[in-house]
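Read top to bottom, the protein sequences are chains X and D. Each residue of the first sequence is one higher than the one before, counting from 1 in our numbering. Each residue of the second sequence is one higher than the one before, counting from 1 in our numbering.
Rather than coming from a laboratory, the hints here were simulated on the basis of the structure. This list has only true hints and no planted wrong ones.
A few chain D residues facing chain X, derived, Cβ under 10 Å:
#1 Ala33
#2 Ile34
#3 Glu36
#4 Leu38
#5 Ala39
#6 Met41
#7 Ala123
#8 Gly124
#9 Ala127
#10 Ala129
#11 Lys131
#12 Arg139
On a predicted model such as this, the values are computed, not experimentally measured, just so you know. Heads up, the beta-carbon is just placed ideally off N, CA and C, and yes, glycines get one too.
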Amino acid sequence: MQPGELIAGDRGARAQQSDDLARAWAVLAQVMDPEVPVVSVVDLGIVRDLGWHGGHLHLVVTPTYSGCPATEVIEGDIRQALEQAGFPAPALERRLTPAWSTDWISELGRKRLRAYGIAPPQGSVSKRSLLGEAPQVCCPQCGSAHTELLSQFGSTACKALYRCRECLEPFDYFKCI
Amino acid sequence: MHNEALAPYLLLLGDSALVQGQRLCEWCGRAPAIEEELALMNVGLDLVGQARNWLEYAAELLDDGRDADALAFRRDERAYRNLLLVEQPNGDFAVTMTKQFLYDAWHFAVLQGLVGSNDERIAGIAAKALKEVTYHLRRSSEWVQRLGGGTEESRQRMLAAIPALWRFTVELVAGSDNEVHLAQAGVAADPAAVGAAWLKQVGETFTSVELPLPKAASHFYLDGRKGLHTEHLGLLLAEMQFLPRAYPDATW
Numbered sequence: 001m002q003p004g005e006l007i008a009g010d011r012g013a014r015a016q017q018s019d020d021l022a023r024a025w026a027v028l029a030q031v032m033d034p035e036v037p038v039v040s041v042v043d044l045g046i047v048r049d050l051g052w053h054g055g056h057l058h059l060v061v062t063p064t065y066s067g068c069p070a071t072e073v074i075e076g077d078i079r080q081a082l083e084q085a086g087f088p089a090p091a092l093e094r095r096l097t098p099a100w101s102t103d104w105i106s107e108l109g110r111k112r113l114r115a116y117g118i119a120p121p122q123g124s125v126s127k128r129s130l131l132g133e134a135p136q137v138c139c140p141q142c143g144s145a146h147t148e149l150l151s152q153f154g155s156t157a158c159k160a161l162y163r164c165r166e167c168l169e170p171f172d173y174f175k176c177i
Numbered sequence: 001m002h003n004e005a006l007a008p009y010l011l012l013l014g015d016s017a018l019v020q021g022q023r024l025c026e027w028c029g030r031a032p033a034i035e036e037e038l039a040l041m042n043v044g045l046d047l048v049g050q051a052r053n054w055l056e057y058a059a060e061l062l063d064d065g066r067d068a069d070a071l072a073f074r075r076d077e078r079a080y081r082n083l084l085l086v087e088q089p090n091g092d093f094a095v096t097m098t099k100q101f102l103y104d105a106w107h108f109a110v111l112q113g114l115v116g117s118n119d120e121r122i123a124g125i126a127a128k129a130l131k132e133v134t135y136h137l138r139r140s141s142e143w144v145q146r147l148g149g150g151t152e153e154s155r156q157r158m159l160a161a162i163p164a165l166w167r168f169t170v171e172l173v174a175g176s177d178n179e180v181h182l183a184q185a186g187v188a189a190d191p192a193a194v195g196a197a198w199l200k201q202v203g204e205t206f207t208s209v210e211l212p213l214p215k216a217a218s219h220f221y222l223d224g225r226k227g228l229h230t231e232h233l234g235l236l237l238a239e240m241q242f243l244p245r246a247y248p249d250a251t252w
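Take the sequences, apply the hints, and build the full model.
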């Protein structure tokens with residue numbers, strides 16, 4: 001704690017500098033999802049807005065699933081990374097509307113998911129009824145389209161469990177939502 | 001909108017999701033296969049997360065110093081407003097999946113109504129939840145078909161599960177006067193539309209595997225919306241609330 005901080009009552013408030021937002025985005029691109037540590041919060045599309053209010057960075061974060069236990073961890077990680085990068089006491093706002101969609105996962109995020117062994121969501125949510133036909137999911141290991149659904153729910157709520165019928169590897173598929 | 005009308009409705013939504021989620025968690029370590037274990041827990045987790053969203057809003061409207069945790073862990077059964085269906089014991093896998101399906105079909109129809117609510121916060125929570133519940137309903141309806149049209153054993157168990165749960169479905173096809181008023185004000189899902197959608201979904205799924213659809217259930221002396229519960233809710237809450245009641249404000 002610095003002298004005068006209690007009196008000021010607003011830790012580290014300062015005027016915005018021209019490169020602050022670009023720097024903050026770069027910091028966020030290094031904050032990884034704790035469950036899938038190759039995909040950043042930016043790749044996931046959960047950081048919806050970044051701005052500067054009242055001398056502090058202000059973020060809008062949209063959770064992926066209502067019950068996702070990683071939500072608090074991710075928010076804590078974001079806060080810590082920004083603090084360390086010189087953005088004291090960033091304000092995080094949790095916003096549900098509009099609801100997060102896998103359509104918001106970036107191309108880079110999809111590529112990284114595949115490289116990590118998780119098949120990325122296929123197609124767009126808006127184009128197909130969620131209750132409709134099963135998507136064509138390709139094996140992230142060998143690329144074969146000859147795969148089968150084992151379970152609608154995999155190791156976390158956001159994934160389904162598949163198996164490749166070519167290389168016989170089981171794998172997670174990130175569901176469209 | 002009057003808070004005293006809206007809060008009980010949010011408790012109906014939140015408590016039903018919470019109790020159903022808690023029941024699913026009882027399968028942890030006991031499911032028939034690893035895939036089912038994961039699925040049951042994931043659905044339960046979705047529901048507990050949704051319950052938190054509803055209870056946070058209810059706590060703000062009640063504005064009596066309690067937060068969502070206090071509503072979940074420090075209310076007695078008479079203050080719970082969940083559907084009677086979801087507090088029923090899990091029984092065998094057929095009872096569990098029938099219960100899940102009957103609830104999912106109601107939940108899906110309610111959320112479809114709520115995404116158009118003129119209360120933006122309700123619409124936002126519902127839009128998120130609807131995506132999740134779509135997967136729940138798909139899974140539970142497939143299980144009803146697989147068990148109902150499966151082996152002689154699985155079919156017999158479905159034929160026993162449906163009548164055992166059916167009388168509680170009266171709460172799924174009829175809402176309270178409060179809900180009707182909230183629906184007319186554009187806030188809640190219309191109970192009549194929910195009931196019709198529920199019956200259509202249940203009828204189609206049952207018919208597809210020739211499971212008989214019982215005739216409409218009628219009201220009896222218990223009513224979850226009024227806090228009049230079966231004996232099973234008290235036992236469920238005793239387990240769910242033990243830790244925060246025995247060690248108030250414990251953190252880990």
